[in-house]
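All chains should be modelled from the sequences, with the hints used to inform the complete structure.
Numbering (our numbering), first residue to last: 3 to 342.
Read the hints as simulated data drawn from the structure, not as lab findings. Since we're looking at a predicted model, the values are computed, not measured. Accuracy of the hints is not assured; some may be wrong.
Straight-line distance between alpha carbons at most 27 Å, and here's what the computed DSSO-like set of lysine-lysine pairs gives [what the hints assert, rightly or not]:
#1 Lys134 to Lys144
#2 Lys124 to Lys134
#3 Lys144 to Lys133
#4 Lys114 to Lys11
#5 Lys81 to Lys134
#6 Lys7 to Lys114
#7 Lys114 to Lys81
#8 Lys144 to Lys7
#9 Lys11 to Lys124
#10 Lys210 to Lys267
#11 Lys42 to Lys124
#12 Lys134 to Lys7
#13 Lys114 to Lys70
#14 Lys5 to Lys114
#15 Lys70 to Lys133
#16 Lys11 to Lys81
#17 Lys124 to Lys7
#18 Lys81 to Lys45
#19 Lys102 to Lys145
#20 Lys134 to Lys11
#21 Lys45 to Lys133
#22 Lys144 to Lys114
#23 Lys70 to Lys11
#24 Lys114 to Lys145
#25 Lys133 to Lys245
#26 Lys245 to Lys145
#27 Lys45 to Lys5
#28 Lys81 to Lys42
#29 Lys102 to Lys45
#30 Lys81 to Lys144
#31 Lys245 to Lys210
#32 Lys81 to Lys102
#33 Lys134 to Lys5
#34 Lys70 to Lys102
#35 Lys81 to Lys133
#36 Lys81 to Lys5
#37 Lys145 to Lys246
Between beta-carbon pairs, the in silico distance windows are [to be verified]:
#38 Lys81 to Tyr216: 38 to 48 Å
#39 Gly219 to Gln241: 55 to 65 Å
#40 Gly219 to Thr9: 49 to 59 Å
Quick reminder that beta carbons are idealized off the backbone N, C-alpha and C, glycines included.
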Amino acid sequence: MPKNKGTFKVLVVEDNPGDFALIEDYLMEQIAAPYIRQAKTYKEASAILAGHEIDFDVVLLDLTLPDKSGTELISDILKLSPECPVIVLTGYSDISFGIKSLSLGISDYLLKDELSSSPLYKSIIYSIERKKTMRRLEESEKKYSDLFQLSPQPMWVYDLETLSFLRVNNAAIRHYGYSEEEFLSMTIREIRPVQDVPLIEQSVAHIKQHDQYYSSGTFRHTKKNGELIYVEIQGNIIQFDGKKAELVLVSDITERFEHINAIEKQNERLREIAWTQSHVVRAPLARMMGLVNLIGDLKIASPECEKLLGYLQYSCEELDAIIRDIAKKASLIETISQDA
Numbered sequence: 003m004p005k006n007k008g009t010f011k012v013l014v015v016e017d018n019p020g021d022f023a024l025i026e027d028y029l030m031e032q033i034a035a036p037y038i039r040q041a042k043t044y045k046e047a048s049a050i051l052a053g054h055e056i057d058f059d060v061v062l063l064d065l066t067l068p069d070k071s072g073t074e075l076i077s078d079i080l081k082l083s084p085e086c087p088v089i090v091l092t093g094y095s096d097i098s099f100g101i102k103s104l105s106l107g108i109s110d111y112l113l114k115d116e117l118s119s120s121p122l123y124k125s126i127i128y129s130i131e132r133k134k135t136m137r138r139l140e141e142s143e144k145k146y147s148d149l150f151q152l153s154p155q156p157m158w159v160y161d162l163e164t165l166s167f168l169r170v171n172n173a174a175i176r177h178y179g180y181s182e183e184e185f186l187s188m189t190i191r192e193i194r195p196v197q198d199v200p201l202i203e204q205s206v207a208h209i210k211q212h213d214q215y216y217s218s219g220t221f222r223h224t225k226k227n228g229e230l231i232y233v234e235i236q237g238n239i240i241q242f243d244g245k246k247a248e249l250v251l252v253s254d255i256t257e258r259f260e261h262i263n264a265i266e267k268q269n270e271r272l273r274e275i276a277w278t279q280s281h282v283v284r285a286p287l288a289r290m291m292g293l294v295n296l297i298g299d300l301k302i303a304s305p306e307c308e309k310l311l312g313y314l315q316y317s318c319e320e321l322d323a324i325i326r327d328i329a330k331k332a333s334l335i336e337t338i339s340q341d342a
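Here it is in structure tokens:
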């Protein structure tokens, strides 16, 4: 099998010369030109790692050093090399201790008595790749966490089973007036008017029937100070800390809603004016037009009077046309309001 020609920088924390020689041979057997550095004590290893002179690809750690050992040694080495995978090499085959070591954050746990070049090489390769993958995931999570927190619009995540808030962003805290601690002790029922709670429970019951679901709608919310607001909600089902949850984006449309209400009230007033113009004014106008016709039929007026009656008839007809136009526009406003 050809040797790996990659550049591998390995810190071996091992005080036993024979064990170090074996590890060095194993590494040379699989890797063409590894950079190998030995630290015989914890103090020496901490000085090397804290100095940041070399970015090691992996740390091979013996659990029994002259100045430190066991879980304390593991924890301290992990603190010094958070970006570098740590593989424990030990002569003790204590499975429970191995499991505990893995839970502390090491990448692998290998027994020296069972060690050979191939398992050691595979462990190093897998640990390095696993660390890279974890780093990418952490960066991705941080990026989305930043997007969540830096959003100018309120956002939160709530549990679809309990309806409890699981996470809220800064915009939600500012907009609703609750602290983060208060939000996380509440459910989404508590930001709804009491009469709207059955509606939200019905909506959540529908969402829970799906594994993937996009929801949207307009609802009423209440702030901490009791202020009632109208909001547009957009939500997506996600898995959050092992729970089925919904990520929600909130847009406050209270001003728009109030603006629409104001326009509707204005339209109502216009309709009332139009009705008055087209019905109340039309009655005396009709009487005036009837009187003009009646005077004309009597044929008792002079030519000058007939001319004036003609002007009056024309004015009445012009006013009648204006009233009809007002009535037509009122009908159009009614249609637009109903469509909206």
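Each hint, compared with the structure:
1. For the proposed pair Lys134 and Lys144, the alpha carbon gap of about 15 Å is at most 27 Å, so the pair holds.
2. Distance restraint check for Lys124 and Lys134: the Cα-Cα separation of roughly 15 Å lies within the 27 Å cut-off, and the hinted pair is therefore satisfied.
3. Simply put, Lys144 and Lys133 have alpha-carbon atoms about 16 Å apart, close enough for the 27 Å limit, and the pair holds.
4. As the CA atoms of Lys114 and Lys11 are separated by approximately 21 Å, the hinted pair is consistent with the 27 Å bound.
5. For the hint pairing Lys81 with Lys134, the CA-to-CA distance comes to about 18 Å; that is within 27 Å, so the pair holds.
6. Taking the CA atoms of Lys7 and Lys114, the gap is near 25 Å; set against the 27 Å cutoff, the hint holds.
7. Among the hinted pairs, Lys114 with Lys81 is consistent with the structure: their alpha-carbon atoms are about 24 Å apart, no more than 27 Å.
8. Distance restraint check for Lys144 and Lys7: the Cα-Cα separation of roughly 34 Å exceeds the 27 Å cut-off, and the hinted pair is therefore not satisfied.
9. For the given pair, Lys11 sits about 15 Å from Lys124 by alpha-carbon distance, which is consistent with the 27 Å threshold.
10. For a cut-off of 27 Å, the pair hint linking Lys210 to Lys267 is broken: about 39 Å separates their Cα positions.
11. Proximity of Lys42 to Lys124 is assessed by CA-CA distance (about 24 Å); at most 27 Å being required, the pair is judged to hold.
12. For the proposed pair Lys134 and Lys7, the alpha carbon gap of about 19 Å is at most 27 Å, so the pair holds.
13. A distance of roughly 19 Å separates the Cα atoms of Lys114 and Lys70; the hinted pair therefore holds under the 27 Å criterion.
14. Restraint check for Lys5 and Lys114: the C-alpha separation of about 22 Å stays at or below 27 Å, so the hint holds.
15. Our distance criterion of 27 Å between C-alpha atoms is met by Lys70 and Lys133, whose separation comes to about 25 Å.
16. The hinted pair formed by Lys11 and Lys81 meets the criterion: a straight-line CA distance of about 19 Å does not exceed 27 Å.
17. Proposed proximity of Lys124 and Lys7 is supported: the alpha carbons are some 15 Å apart, at most 27 Å.
18. Pair hint Lys81 plus Lys45 holds up; C-alpha atoms about 14 Å apart against a cutoff of 27 Å.
19. The suggested pairing of Lys102 with Lys145 is violated, with an alpha-carbon distance near 31 Å, which exceeds 27 Å.
20. A threshold of 27 Å between alpha carbons decides the hint, and for Lys134 with Lys11 the separation of about 15 Å falls inside it, so the pair holds.
21. Taking the CA atoms of Lys45 and Lys133, the gap is about 25 Å. The hint holds against a cut of 27 Å.
22. Of the pairs offered as hints, the one joining Lys144 and Lys114 is violated, with about 38 Å between alpha carbons and a cut-off of 27 Å exceeded.
23. Between Lys70 and Lys11, the direct Cα distance comes to roughly 24 Å. Compliance with the 27 Å bound is thereby established for this hinted pair.
24. A distance of roughly 40 Å separates the Cα atoms of Lys114 and Lys145; the hinted pair therefore is violated under the 27 Å criterion.
25. Among the hinted pairs, Lys133 with Lys245 is consistent with the structure: their alpha-carbon atoms are about 26 Å apart, no more than 27 Å.
26. With a C-alpha separation of about 21 Å, the suggested pairing of Lys245 with Lys145 holds against the 27 Å cut-off.
27. Between the alpha carbons of Lys45 and Lys5 the distance comes to roughly 33 Å, so the proposed pair goes past 27 Å and is violated.
28. Straight-line distance between C-alpha atoms of Lys81 and Lys42 comes to about 19 Å, which keeps the hinted pair within the 27 Å bound.
29. Between Lys102 and Lys45 the alpha-carbon distance is near 24 Å, which keeps this suggested pair within the 27 Å criterion.
30. With a CA separation close to 20 Å, the supplied pair Lys81 and Lys144 stays within the 27 Å bound.
31. With a C-alpha separation of about 12 Å, the suggested pairing of Lys245 with Lys210 holds against the 27 Å cut-off.
32. A hinted pair counts as satisfied when its Cα atoms are at most 27 Å apart, and Lys81 with Lys102 qualifies at roughly 17 Å.
33. Note on Lys134 and Lys5: the hinted pairing holds, with a Cα-Cα distance of about 22 Å set against a maximum of 27 Å.
34. A C-alpha spacing of about 17 Å is found between Lys70 and Lys102, which places the hinted pair at or below 27 Å, so the restraint holds.
35. As the CA atoms of Lys81 and Lys133 are separated by approximately 15 Å, the hinted pair is consistent with the 27 Å bound.
36. Between the alpha carbons of Lys81 and Lys5 the distance comes to roughly 32 Å, so the proposed pair goes past 27 Å and is violated.
37. Taking the CA atoms of Lys145 and Lys246, the gap is about 22 Å. The hint holds against a cut of 27 Å.
38. For the hinted restraint 38 to 48 Å between Lys81 and Tyr216, the CB-CB distance of approximately 43 Å keeps it satisfied.
39. Restraint check, Gly219 to Gln241: a C-beta distance of roughly 23 Å breaks the suggested window 55 to 65 Å.
40. For the pair Gly219 and Thr9, the supplied restraint of 49 to 59 Å holds, since their beta-carbon distance comes to about 56 Å.
Comparing the model with each numbered hint stated earlier shows that hints 8, 10, 19, 22, 24, 27, 36 and 39 do not hold.
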